[in-house]
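These protein sequence lines are chains A and B, in that order.
Be aware that the first sequence starts at 1, since it is given in the working numbering, and climbs by one per residue.
Be aware that the second sequence starts at 1, since it is given in the working numbering, and climbs by one per residue.
Keep in mind that the hints were calculated from the coordinates and are not lab data.
A hint or two may mislead.
[Stated by the list, open to error] Keeping only pairs whose Cα atoms sit at most 25 Å apart, straight-line, the calculated SDA-like set for lysine to any residue is:
{"hint": "1", "chain 1": "B", "residue 1": "K509", "chain 2": "B", "residue 2": "D486"}
{"hint": "2", "chain 1": "B", "residue 1": "K103", "chain 2": "A", "residue 2": "D30"}
{"hint": "3", "chain 1": "A", "residue 1": "K261", "chain 2": "B", "residue 2": "M689"}
{"hint": "4", "chain 1": "A", "residue 1": "K239", "chain 2": "B", "residue 2": "D563"}
{"hint": "5", "chain 1": "B", "residue 1": "K570", "chain 2": "A", "residue 2": "D30"}
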Amino acid sequence: MVNHHIPSSLKEALKILDAHDCYIMAGGTDLMVVKHQRSGLLPNFDKDVCYISNLKELQYIYEDEKGVHIGAGTKYIDIQENNLVPDLLKQIIDELASPNIRNMATLAGNVANASPAGDSIVGLYLLDAKLELVNVHGSRIVPIEDFIFGVRKIHRHKNELIKEIFIPHHDDLNTYWRKVGSRAAESISKVTFAGGYELDDDKVTDLRMAFGSVSVTVVRDREIEKKYIGLTIDEIHEKADEIVEDMEKYITPITDQRSTKEYRLKVSKNILKDFLLSIE
Amino acid sequence: MSHFKNSTVKIDNEEKMAGLALFTDDLPAKDFLWCRPLRSNIPCGRVRSVNVPKLPKGYYYVDAKDIVKENVVNIIFSDWPVFADRRVNYYGETIALLIGPDKQKLEELARMTQVNYDEEVPNFKLKKSGIHKEFKKGDLESVSNDYDYTLTETFETGYQEQVYLETQGMIMWLDGDKITIKASMQCPYYIKNAVVRTLGCDPSKVRVIQPAVGGAFGGKEHYPSMMAAQMATAIVKIKKPLKMIFDRDEDLMYTTKRHPSKTTYTGYVKNGKLVGVKAHVQLNGGAYKGCSGVVLARALIAVVDCYSIPNLEIEGDVYITNTMPTAAFRGFGSPQTIFAFEMFIEHIAKVAGLDPVEFKLKHLVKQGEVTAVNGKFHDPIILPELVEKAMEMSDFKHKYALYNKPGSNRGIGFSCFLHGCGFTGSGESTIINAQLKLTKDKNDIVHLYTSQVDFGQGNRTTLKKIVSDTLGIPEEQVTHEAPDTDHTLSTGPTAASRTIIIVGYLCEKAAKHLKEIWKPGVEQEWIEPYVGPDYIHWDEDTMQGDAYPGYAWGVNVVEVSFDPVTYQVKVEGCWSTYDVGHAIDDRIVVGQADGGLAQAIGYGYLENMEVAEGRFRQKTLSDYIIPTAVDLPMMETELIDNLFAYGASGAKGCGELTFVGGAPALGHAIEMAINKNIYKIPANPEYLMEVMENEDH
Chain A
1 MVNHHIPSSL KEALKILDAH DCYIMAGGTD LMVVKHQRSG LLPNFDKDVC
51 YISNLKELQY IYEDEKGVHI GAGTKYIDIQ ENNLVPDLLK QIIDELASPN
101 IRNMATLAGN VANASPAGDS IVGLYLLDAK LELVNVHGSR IVPIEDFIFG
151 VRKIHRHKNE LIKEIFIPHH DDLNTYWRKV GSRAAESISK VTFAGGYELD
201 DDKVTDLRMA FGSVSVTVVR DREIEKKYIG LTIDEIHEKA DEIVEDMEKY
251 ITPITDQRST KEYRLKVSKN ILKDFLLSIE
Chain B
1 MSHFKNSTVK IDNEEKMAGL ALFTDDLPAK DFLWCRPLRS NIPCGRVRSV
51 NVPKLPKGYY YVDAKDIVKE NVVNIIFSDW PVFADRRVNY YGETIALLIG
101 PDKQKLEELA RMTQVNYDEE VPNFKLKKSG IHKEFKKGDL ESVSNDYDYT
151 LTETFETGYQ EQVYLETQGM IMWLDGDKIT IKASMQCPYY IKNAVVRTLG
201 CDPSKVRVIQ PAVGGAFGGK EHYPSMMAAQ MATAIVKIKK PLKMIFDRDE
251 DLMYTTKRHP SKTTYTGYVK NGKLVGVKAH VQLNGGAYKG CSGVVLARAL
301 IAVVDCYSIP NLEIEGDVYI TNTMPTAAFR GFGSPQTIFA FEMFIEHIAK
351 VAGLDPVEFK LKHLVKQGEV TAVNGKFHDP IILPELVEKA MEMSDFKHKY
401 ALYNKPGSNR GIGFSCFLHG CGFTGSGEST IINAQLKLTK DKNDIVHLYT
451 SQVDFGQGNR TTLKKIVSDT LGIPEEQVTH EAPDTDHTLS TGPTAASRTI
501 IIVGYLCEKA AKHLKEIWKP GVEQEWIEPY VGPDYIHWDE DTMQGDAYPG
551 YAWGVNVVEV SFDPVTYQVK VEGCWSTYDV GHAIDDRIVV GQADGGLAQA
601 IGYGYLENME VAEGRFRQKT LSDYIIPTAV DLPMMETELI DNLFAYGASG
651 AKGCGELTFV GGAPALGHAI EMAINKNIYK IPANPEYLME VMENEDH
């Protein structure tokens with residue numbers, strides 16, 4: 001017997017999650033696909049479902065001195081249209097899925113689904129996003145890379161709910177985004193890359209690189225980034241091939257029905273180099 | 001304001017846009033039982049036994065043992081069994097139907113049913129020829145020893161899935177002792193004949209009615225006959241109304257696709273002219289021949305496209321493999337060879353140091369010349385005008401000079417092509433024998449009866465328009481209902497770009513005759529048999545003679561940009577000119593032009609379908625990629641009249657014409673953008689990366 005819970009407040013939702021092991025349904029654009037059976041049959045839910053899409057308490061975007069807070073129930077369409085949201089994230093959402101999906105899906109849902117091909121996650125890694133998780137007892141803050149640990153694998157306790165996504169301010173960060181899909185819209189990514197840098201005159205004072213779709217999770221390595229921070233633009237250009245080589249160990253794509261590992265590897269390297277040479 | 005000059009509102013616009021049109025799955029079917037195919041999960045082997053679980057009351061299992069008369073689906077070459085009998089030849093072949101009221105229960109029963117096989121080693125290679133055809137023109141030997149340049153190249157084209165909006169579906173019930181069928185279909189009489197053949201029943205005991213149909217593209221030409229034969233076998237046994245609707249993944253994995261091909265050309269250039277071509281066309285027919293012989297014939301007839309080459313040695317084979325049978329799809333064999341030859345003729349021009357554009361124009365066929373199969377181009381040909389107009393619209397020459405250099409990452413290409421309309425040769429007069437009925441009631445309302453299915457392309461509107469225009473009465477005074485085999489004589493299948501050129505012509509002739517005998521206020525009827533041009537003679541066995549009653553012509557220009565970082569192609573512009581004789585409704589023709597070219601461009605660079613161990617790897621529309629509106633530019637199309645003596649107001653066909661030239665025009669543009677040759681479609685980024693990394697291209 002599977003129960004469907006429709007809480008009317010966050011408090012009630014947390015109580016339900018504390019008492020029952022549930023799928024949490026926000027927009028449902030991933031969950032309904034995963035649980036889909038043949039047409040005319042009900043979705044194949046093997047445990048309870050808790051619906052959070054009507055919780056107004058989770059639908060907000062605001063900023064404080066530290067950064068932007070995006071409530072877990074906020075849909076892509078509302079994020080896309082909000083001026084507080086960093087341009088990189090908006091750019092990612094512009095190319096993501098289709099208008100009908102963007103009208104339903106949430107950013108937090110994309111994070112919780114933890115697909116290696118989840119586009120917005122790449123931007124969140126690059127922007128040092130943190131998640132606030134809540135349960136009946138309280139809340140905790142987790143950096144996104146500590147939350148996702150595999151294909152559709154996340155460190156969420158059964159009684160926890162993502163309450164919000166926090167993105168620190170990055171006023172001086174220049175960003176770069178490439179989504180390689182099989183077509184211009186409604187496309188599951190073959191490779192994604194987000195890059196970021198800050199400059200002080202010709203000195204690179206921050207350098208960030210994050211790949212999606214080429215490993216079990218989004219990949220970013222702060223140690224490699226640190227190695228090159230402090231160099232001049234020219235030095236970065238000269239060392240572009242070396243940086244690509246450093247990052248290559250993280251690019252371990254597979255061949256599947258959408259592309260080949262050879263293509264994904266080659267294009268990942270091309271894009272990284274293109275990003276590095278674009279720094280000016 | 002519309003810029004269309006002779007367009008009327010499509011009859012079905014309102015019902016489709018308002019969501020009122022009833023497609024097969026929408027039809028009331030309250031007490032119908034669901035049919036759930038049980039399919040083989042190996043590509044090749046003997047079926048030792050099937051362990052069917054104990055079926056609950058009201059559930060049924062129907063297989064080859066229940067066949068009433070003949071276990072074959074009536075297709076051109078009838079080798080495809082209704083139910084696999086003791087052996088399976090491809091992954092997904094239907095072994096049985098599980099039938100019952102509850103879909104979930106049927107899924108459980110299917111999971112519990114165990115098929116025991118003696119597996120055999122499957123063949124996926126093109127090595128076992130099931131159909132071979134060959135012909136010659138002129139004397140190739142005389143030029144193959146005396147030439148300035150020669151070139152041999154091989155081209156490959158992939159599978160293509162139709163992706164009609166509405167998946168395959170059928171409902172069937174007994175009306176007394178009469179089997180009545182409504183389905184998503186192209187050819188009501190094909191379905192009827194398939195049921196009559198497998199049951200061995202009297203034709204009067206089968207009735208096929210067409211509901212609204214959401215797209216077909218050839219995919220519903222033969223496959224519904226299979227479903228009908230299976231369900232008819234079941235209905236004879238259990239005598240309950242039945243319903244079978246495919247989900248999208250089933251439709252992608254278990255219905256027929258376009259034939260993958262591999263074509264090798266050797267050409268000889270002497271004094272700046274392509275004087276001889278030798279070709280071998282290889283098609284993958286899958287596990288059963290079905291209609292593949294005709295697909296091969298049409299591929300071979302188009303083997304040198306619309307170019308005049310005096311000496312030819314042509315052969316072709318359909319290979320039998322342990323994969324899903326391939327069958328009809330818009331273009332029916334010719335897109336494969338037209339792509340290959342268009343690429344080849346430009347490649348060989350380059351090898352000979354000649355300008356590919358001028359080289360192609362120099363070889364365009366002219367009226368009175370001999371066709372590849374030693375027939376004659378009887379009618380006027382306006383290809384030079386089509387080319388000139390298309391080049392002007394696209395600013396071709398300027399762009400060609402601008403982009404044709406290494407590193408431009410931009411390219412423009414054009415293709416010229418023909419499409420034979422109607423059934424091959426004299427088949428319209430000898431095989432189809434279409435008969436069209438017009439009746440007039442006491443209120444002087446004229447009723448038009450055809451077996452042509454309007455699956456979106458607009459013939460309910462255009463055929464009716466031909467009748468009302470010819471009679472000189474308002475459109476509202478003519479009705480044109482969907483086919484019902486109890487009321488409609490066969491005007492043939494909705495296929496082969498024959499609807500307007502053949503049935504449209506019949507409509508015009510019948511209306512002229514009705515006008516001559518018109519008596520106001522009196523019930524009248526006129527039946528018009530098809531009589532084609534008497535100068536068309538064709539020998540199917542030797543592949544010699546006049547291959548088609550008439551030809552339609554076209555030119556496509558495609559412009560692309562190329563991203564050297566990701567190897568992705570973006571289509572930047574599309575311009576087309578067509579000679580369809582005369583457009584009965586120009587907006588409907590432009591609809592075909594936009595849709596056909598979009599589908600062809602998808603075929604050329606996006607639509608990738610691979611087989612691994614006999615199974616299609618792309619099982620959903622997230623993985624089988626067709627272009628979206630965002631992937632395509634606005635398309636510009638111009639129609640130039642060139643009236644055909646045996647067409648309504650001079651009209652020829654246009655359904656397939658708009659498909660056949662898109663992939664090569666795109667291919668040429670890609671070649672210019674990357675400054676390398678390509679030999680394969682889809683030219684997706686994975687393939688283009690190989691081409692860019694490989695020095696040999």
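Open item on the list: Taking the earlier hints as the rules, which of them does this structure contradict?
Closed with: Hint 5 contradicted; others consistent.
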